[in-house]
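Place chain B on chain A using the hints.
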Amino acid sequence: MKINKEQIEKHGLKLEEYNKIKELLGREANLLELGIFSAMWNEHCSYKSSKIHLKKLPTKNNIVIQGPGENAGVIDIGDDDAIIFKIESHNHPSFIEPYQGAATGVGGILRDVFTMGARPIALMNSIHFGSPTNKNTQNLLNGVVSGIGGYGNSVGIPTVGGETKFNSTYNENILVNAMAVGHANKNKIFYSKAKGINKPVVYVGSKTGRDGIHGATMASAEFDENSEEKKPTVQVGDPFTEKLLLEACLELMKENSIISIQDMGAAGLTSSSIEMASKGKLGIELDLNKVPCRENNMSPYEMMLSESQERMLIILDEKKEKKAKKIFDKWDLDFVVIGKTTETNRLVLNFDSKIVADIPIRALADEAPQYERKWNKPKIKKNNLNKYDLKKIKIEDALIKILSSPDHSNKSWITDQYDQVVMCDTIQKSGGDAAVVRVHNKNKAISISVDSSANYCSSDPKSGGKQIVCENWRNLISVGSKPLAITNCLNFGSPEKPDVMGEFVECINGMKEACEFLNFPVVSGNVSFYNETNSKSIFPTPVIGGIGLFDNLNKIINMKTKKVGNLIIIVGKTLGHLGQSSFMREIYSANEGSPPEINLTNEKNNGQSILNLINQNLITSCHDVSSGGILISLAEMSMASMLGLKILRPKKFTDLNEYFFAEDQGRYLIEIEVDNLKKVESILKKSNIFYEVVAEVQNDIFELSKTFSIKTEELYKNNNKWFKKFNAIN
Amino acid sequence: MKSSVIVFPGSNCDRDIAVALEKLQFKNSMIWHKENVLPKSDLIVVPGGFSYGDYLRSGAIAAKSNILNEVIKAGERGSLILGICNGFQILIECGLLKGALLRNSGLKFISKNIFIKIQSNKNKFFNKYKKNEILELNIAHNEGNFFTDKKHLDELEDNDLIPIKYCDKEGNINPKTNPNGSLNNIAGIFNKNKNILGMMPHPERMADKTCSNEDGLPLFLSLMN
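If you read the protein sequences in the order shown, they are chains A and B. Counting the first sequence from 1 gives a position; the numbering used here is that position plus 97. Counting the second sequence from 1 gives a position; the numbering used here is that position plus 25.
I should point out that these hints are in silico values taken from the structure, not numbers from a laboratory. No residue lacks a Cβ here, since even glycine has one placed at the ideal position from N, Cα and C. Heads up, a few of these hints could be off.
[Unchecked claim] Here are the simulated distance ranges between beta carbons:
(1) B:Lys176 x A:Lys822: 40 to 50 angstroms
(2) B:Asn157 x A:Asn709: 40 to 50 angstroms
(3) B:Asn91 x A:Lys99: 52 to 62 angstroms
(4) B:Gly131 x A:Pro229: 14 to 24 angstroms
(5) B:Lys201 x A:Ile149: 55 to 65 angstroms
(6) A:Lys822 x B:Lys201: 14 to 24 angstroms
(7) B:Asp193 x A:Glu613: 48 to 58 angstroms
(8) B:Lys176 x A:Asn651: 47 to 57 angstroms
(9) A:Asp486 x B:Gly131: 42 to 52 angstroms
(10) A:Thr751 x B:Lys201: 45 to 55 angstroms
[As the list claims (entries may be wrong)] Simulated crosslink set (SDA-like; lysine to any residue; CA at most 25 angstroms straight-line):
(11) B:Lys147 x B:Glu101
(12) A:Lys427 x B:Ser90
(13) B:Lys194 x A:Tyr813
(14) B:Lys219 x B:Asn94
(15) B:Lys133 x B:Gly78
(16) B:Lys27 x B:Asn250
(17) B:Lys133 x A:Glu260
(18) A:Lys508 x A:Trp819
(19) A:Lys814 x B:Gly131
(20) A:Lys422 x A:Leu347
(21) B:Lys194 x A:Phe820
(22) B:Lys219 x B:Ile198
(23) A:Lys579 x A:Asn159
(24) A:Lys808 x A:Met739
(25) A:Lys660 x A:Glu778
(26) B:Lys234 x A:Ile653
(27) A:Lys749 x A:Gly690
(28) A:Lys351 x B:Glu60
(29) B:Lys217 x B:Phe172
(30) A:Lys822 x B:Arg128
(31) A:Lys351 x B:Lys59
(32) A:Lys821 x B:Ile135
(33) A:Lys818 x B:Ser130
(34) A:Lys660 x A:Gln795
(35) A:Lys821 x B:Ile139
(36) A:Lys539 x B:Ala43
(37) A:Lys117 x A:Arg470
(38) A:Lys818 x B:Leu132
(39) B:Lys48 x A:Asn282
(40) B:Lys27 x A:Asn538
So that you can see chain A by itself, here it is in the shape it has in the complex:
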């Protein structure tokens, strides 16, 4: 049977790509082989459009144990402890079937982390929806949030925070990015590289069903009005089996029996077996009749391309097979030897005593096409905000409007559906600048923050790329931790469009600059292209997940103001930049101008000084100033404690809106005791940092002198009404 053009297209391959396959095989492929190639060569698995650009990112420093290329990144946090973490997208499946799409996104990222020997200790997420007025948004929001909660709650890993944003750019293509963080002993980390010939290849976990066939290929194509029909490509999650698999794997990992291990994620059995063999420069032979199947009469094609969840492939020390099987029996999970490693460097699949596929591993992994796609340098929008008469806007009206907007509203409607404290190590839940989770049984903790700024990136991708790295860094500092490393999830439109590719390239260039300057390496991540429907792409939305470290639990701080009479100081200079600000979006519905500039020297200097002040116990609370500017950040501090603030009018600014809503970067609000003012001033002066006193903590009332006065309780009410109203059952 000859493969025809239609089949090639259906598999998401280009004609020239199929010609290359023929060349590598030295013959026509059969349908199974075509399926395997398409699974390995799609964008999602091969990174064919992004690889050459991703190489620019810094991925190493003295704390990085494992950078990109494994299931997850690994960093050293001292005393033999390692943190293993990664963020990944599940955008396409979540749009088609929000509950299962989001749930399996969480499941997949958890497996990436425990495959490497870590016990997961926290989950985070970044979810982006279309406009609240879009007819799908409510349903998608409900489904995604229940899915994330449904999976994480059941496995028993706390979901400690994240971000939720709304913008019409995601109307037909939502984003669901999930991050998992695990803790391991740094001397007991497991990798996917196979070693040794004739070693048993063991299949463990759930049985293989017909769900998710071609999921990765689906994720590598854009949507159209028929996307609903793609529902069968979405996997169905079973958090119960995940929990069993987690415990069984960690139990097996206590012994020295695993040579290598890989979860069956995108492209299931295909990519896991090929990845292991390719890394070990070995071959692999599987007997597909042995694959545990959920349904009858499954074909080799279905088995190899199924994305059924909660499955792992393990290459085992053959002497330990019995002992290993006993552990999986205890947890009532399948444990079947389905093949062996070989020296042939080929993937050989047997079914019904016949060889049904025979492909050189190199062809699948190393020979996957790589493209240097054409890209256009993005045109940067200029600031042209003069036409807006800011004087007409009453500052208190703007404050309330922004605080009650979907993006700025309190997210407890969402986070109350997530178990945030199971495992009893959550020190700071969502709602702060970063979540804080203790390393179990130790006097140390990590901070985690997930951030994105699609508006900034869409108007200036390079500056936006820099900005999110900095914002993430700032969030980790604001709770008192030392930022260590990041993982990234790069959500973009079609790489085949030079404008989209331009956004991608420039975002990476921006991130690279910031990561290098801040010594903040990227240790893992994921690229999600083709986030578009009917040829309309989303805003470029890189998402950053960062980890920071506290080597002492006494240094953790939050944004809650502590004592009446304390002073609030703004650290970092306010220039009045309103381009791409929340103020412009919420008040004028205007997406105008360039984003605020990033000055990396100031960023680093300001951040290090904040850490220095925290270490000397001079700060009682801290909050970074980001979206919404100073006034929104002050309101958030006030609502966190329900104390009030007496805010001073700025000396040099004539326009209050410009001063209070500007989104200039590198700024923090800190609360200090009056008695410490001199000490704090001298430290900031010594480092040449701009600062000014902006407010004083008082009871109940949030006021700007001579301008407005609102009860903090009133702020809180406005900040808490949107989600409830939006999701009220009609």
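Showing chain B alone in chain A's frame:
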């Protein structure tokens, strides 16, 4: 004091409760659900989580496991048994406690800190609290909406068998301070002999100053009393 924590596939608060018990010097053992023998223990805990994935009905499958036969026998002999969250659901499913735990009235999973008020401290579980004391504990469940028939409800109310009810910070018990639709704001109930307690809130999550308040600690101290 010796304690046993029963572990089902899908339990996920087993480690948390063990940490809290061991902190108070309980000599604790973890008992796998397939066991047929329960070691002699002063306290048996059926922990929270999603035993068997909450499939079929929360707690229904766990109630049929091997070890539950032993738990039931121990309960009937008068051993102290504490079921938290999924543990409460299991104790109801296996018949050690009466009533039912329905889907939350809001039809959503709820995980947040709530307040409860001590209704009665004349028992083995709450004797270190004052009557009417208000505690802040955490709940995390899909099915915590306690329901029962009128006769059983009267029996519970009349015999001091409802030790804790949901309230607000000020201690007001009314429909507004009821997070999940539970009858009479019930957060936990006893059996007739008050040796078996089922409760939805998690005391083990409030036993460590670094992460929370310590409102859950007196419960464990009460058991040692």
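Check whether the Cα positions of B:Lys133 and B:Gly78 lie no farther apart than 25 angstroms.
holds (17 angstroms)
Is the Cα-Cα distance between B:Lys194 and A:Tyr813 25 angstroms or less?
holds (17 angstroms)
Between A:Lys422 and A:Leu347, does the CA-CA distance stay at or below 25 angstroms?
holds (14 angstroms)
Taken at face value, is the distance from the CA of B:Gly131 to the CA of A:Lys814 at most 25 angstroms?
Status holds; Cα separation ~21 angstroms.
Does the beta carbon distance between A:Thr751 and B:Lys201 stay inside 45 to 55 angstroms, or does it fall outside?
47 angstroms Cβ-Cβ, so the 45 to 55 angstroms window holds.
Holds or violated: A:Lys821 to B:Ile139, with C-alpha atoms at most 25 angstroms apart
holds (19 angstroms)
Is the hinted pair A:Lys660 and A:Glu778 satisfied, with a Cα-Cα distance of at most 25 angstroms?
This hinted pair holds, its Cα atoms lying about 20 angstroms apart.
Given the proposed pairing of A:Lys808 with A:Met739, does the C-alpha separation stay at or below 25 angstroms?
Given that 25 angstroms is the threshold and the Cα spacing comes to 9 angstroms, the pair holds.
If you draw a straight line from the CA of B:Lys194 to the CA of A:Phe820, is it 25 angstroms or shorter?
Roughly 23 angstroms separates the two Cα atoms, so the pair holds.
CA of A:Lys821 to CA of B:Ile135, is that 25 angstroms or under?
Status holds; Cα separation ~14 angstroms.
Has the given pair, B:Lys234 with A:Ile653, been kept, meaning a C-alpha gap of at most 25 angstroms?
holds (14 angstroms)
For the pair supplied as a hint, A:Lys818 and B:Leu132, is the alpha-carbon distance within the 25 angstroms limit?
Holds, at roughly 19 angstroms.
Checked against the numbered hints given earlier, the structure satisfies every one of them.
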